[in-house]
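K.L.:
Mind docking chain F on chain U? Use the hints.
Those protein sequence lines, which keep their order, are chains U and F.
Going by numbering that gives the first Met the number 0, the first sequence runs without a break in its numbering and finishes at 379.
Going by numbering that gives the first Met the number 0, the second sequence runs without a break in its numbering and finishes at 379.
Pair by pair, the computed Cβ-Cβ distance ranges are:
no., chain 1, residue 1, chain 2, residue 2, range
1, F, 219, U, 180, 55 to 63 Å
2, F, 263, U, 72, 27 to 35 Å
3, F, 175, U, 127, 29 to 37 Å
If you only want the chain F side, here are some residues facing chain U, beta carbon under 7 Å, derived:
no., residue
4, 55
5, 58
6, 59
7, 60
8, 62
9, 65
10, 75
11, 78
12, 80
13, 82
14, 84
15, 127
16, 128
17, 234
These stretches of chain U come out as covered by chain F in the derived footprint (C-beta under 8 Å, 3 or more residues):
no., segment
18, 18-29
19, 77-83
20, 126-139
21, 225-234
In case anyone wonders, no lab produced these hints; they're calculated from the structure.
Just so you know, even glycine gets a beta-carbon here, dropped at the ideal spot from N, CA and C.
Number of protein chains: 2
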Amino acid sequence: MTDAVWVAGVGMTSFGRHPQTSLRALGRVAGLDALTDAASEPAEIGAVYCGSALSLLLQGEGAPGQAIGWELGIRGVPVFNVANACASGATALHLAWRDLAAGLHDCVLVIGVDKALMPKGSVLKVGAADPEVRLGEIFPATFALVAQQHMRRFGTTPAQMAEISVKNHRHGSLNPLAQFNQLLTRQEVLDSMMVADPLTLYSCCPNSDGAAALVLRRQRRGPRDLVLAASVLSSGQYDNPRDFTRWECEIAAAKAAYALAGTGPAGLDVVEVHDAFTICEIVHYEGLGLCAPGAGGALAERGATALGGRVPVNPSGGLLARGHPPGASGVAQVVEIATQLRGEAGARQVPNARVGLAQIMGGSQAGDTQACAVHILRTY
Amino acid sequence: MTDAVWVAGVGMTSFGRHPQTSLRALGRVAGLDALTDAASEPAEIGAVYCGSALSLLLQGEGAPGQAIGWELGIRGVPVFNVANACASGATALHLAWRDLAAGLHDCVLVIGVDKALMPKGSVLKVGAADPEVRLGEIFPATFALVAQQHMRRFGTTPAQMAEISVKNHRHGSLNPLAQFNQLLTRQEVLDSMMVADPLTLYSCCPNSDGAAALVLRRQRRGPRDLVLAASVLSSGQYDNPRDFTRWECEIAAAKAAYALAGTGPAGLDVVEVHDAFTICEIVHYEGLGLCAPGAGGALAERGATALGGRVPVNPSGGLLARGHPPGASGVAQVVEIATQLRGEAGARQVPNARVGLAQIMGGSQAGDTQACAVHILRTY
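The following block holds chain U by itself, in its conformation from the complex:
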């Protein structure tokens, strides 16, 4: 097992509003949690991989990894600050996995962090380099197009999409670190303010502040250590810009990850996906092979992906309820999967979970800046 990479420690802050806490302080809390959880000392850490999408733009923090490393007493080692939009944290994890698998380090720290809460009415200056974005195709508009096409092509309904939000808020109500803990009804989701037809307010994830962290090792040291069985990062193929109902890069990443882990969609006990908007989760069901193309809405509607269902998806509450600090979400997903596989998820525990998958994307559907990361963990 010398080539195995182990998830030895996990940590995260609550996600939500942290107006009085700096970005580096959030990172310190999550990092210290992960170090403590792994029974690791700062001196053991051979490199730091820090994913943050917005730290410089919104916080004036150009090298968050060093700042957080300094707070944790980690000195002198290589620090990689990585950005890949919403996949920033997962990209940092993928780089860490590469270096451990190659034997370049024995133990590393992965941090995902962002403070993304902004004054009401302000629009994030992301993707402003794209003419389409400047003309109005910001994220909700992009994913409304995805939803419209999915509805037209496959008969997916607003009620099915709303079910994603209902489920994830129910899950979030069981997660003490989630941003939102209240339950929503399907009607409340459908009746909330229209953002971009058919996506209503409760169909969209929030911007959030928060951090998550992982300690990875090349050697198993404790009984709670988990195998990081697959780590794949892909970018867009850009070859089907008129088909918004599938992401080629996700399908490719999932296929590669299943091959690496020696499993497939039927072998998954628990899944975290990138539900930035309700429609996204449905598209990801299909991209990951949890159901046939076009069948994602029905899968959600019959409860197969809820806690207690065939394959629970986003037991953490997902981006919709746990919240979405872009740089942190990809790491937080893996924290959730690890917590589930350890059997430490409390009220939202998936019974006997042994294999879990986390999927996240960066960039827009129409744009040329897509990234997709897929990670698979399993118990030893």
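P.N.:
Just chain F now, with coordinates in the frame of chain U:
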């Protein structure tokens, strides 16, 4: 030589003002140059490593690597967007070196890019997370403190520091891609507007627009290919905040790089260092072991580091004259070293150059966000 990493192709735009050219277009120009130079097709590229410090902050471009890859016809492969302040491009190169040395890819593209020119009078919102920066310790102030301490401790003079700018502008006048091509006298440097005592306007590098690119391979394919003999990235030790005249992380990185390359300062034929301010180049002479601690000012004064001297430093013109798009500079340094080792540097050619070193830092001297990258190239 299976573990060797080869620099197979180099490319860069001119540095300076490119108001009508987008960031991704700059990256495309440099990338296409490098691909052509390496006789490489986009389909050969297994991964893209893109260093940019300011792309999202100033250009609204959150995933520049994907955008540039798309422009170049590179699809589906992992793309890493890396930030490490002024060391962003060099950090991207270091990641690429890791993955090639580990055998994860056979051929990759490294891009460094930024558009950093800003409206007159505006101050870059970098490091604003540090209270010291908010209180006024922006970069010129930080390095003025370095200069003051170096003067007091070692007797370094303003005239010696000015000589750095005179030399680098002379070198820049021989580089068709440099931002500044005019010669400066020592008196002109000393008499230019005071920015932060003793650093005058011509003691400070400009903000610039530009891109640079490298194609790296695991196999030597052409007679102009060069060995990337060492690649080291370190971060701050943070243990001597009251001694501003040396960077522990630079000393550590240089030592590790010399060991990897099996050489030392006496074995270097040509060097590029991070002369963001004149005093920086002097400190780097000492950190890299080109002279004893404190002797950097005298080394410059006697012309040892000028073209024609014992070990020419910054034959490209350095940041002071070539210009400084932060994400691009670390890659552009390696482009210059490669050009010199190939004997293709024209009027600024260092005769018989066989071994060259590039050094760059990120973050501030006083702060907790330091990074230092050192790369050594040699002819085969």
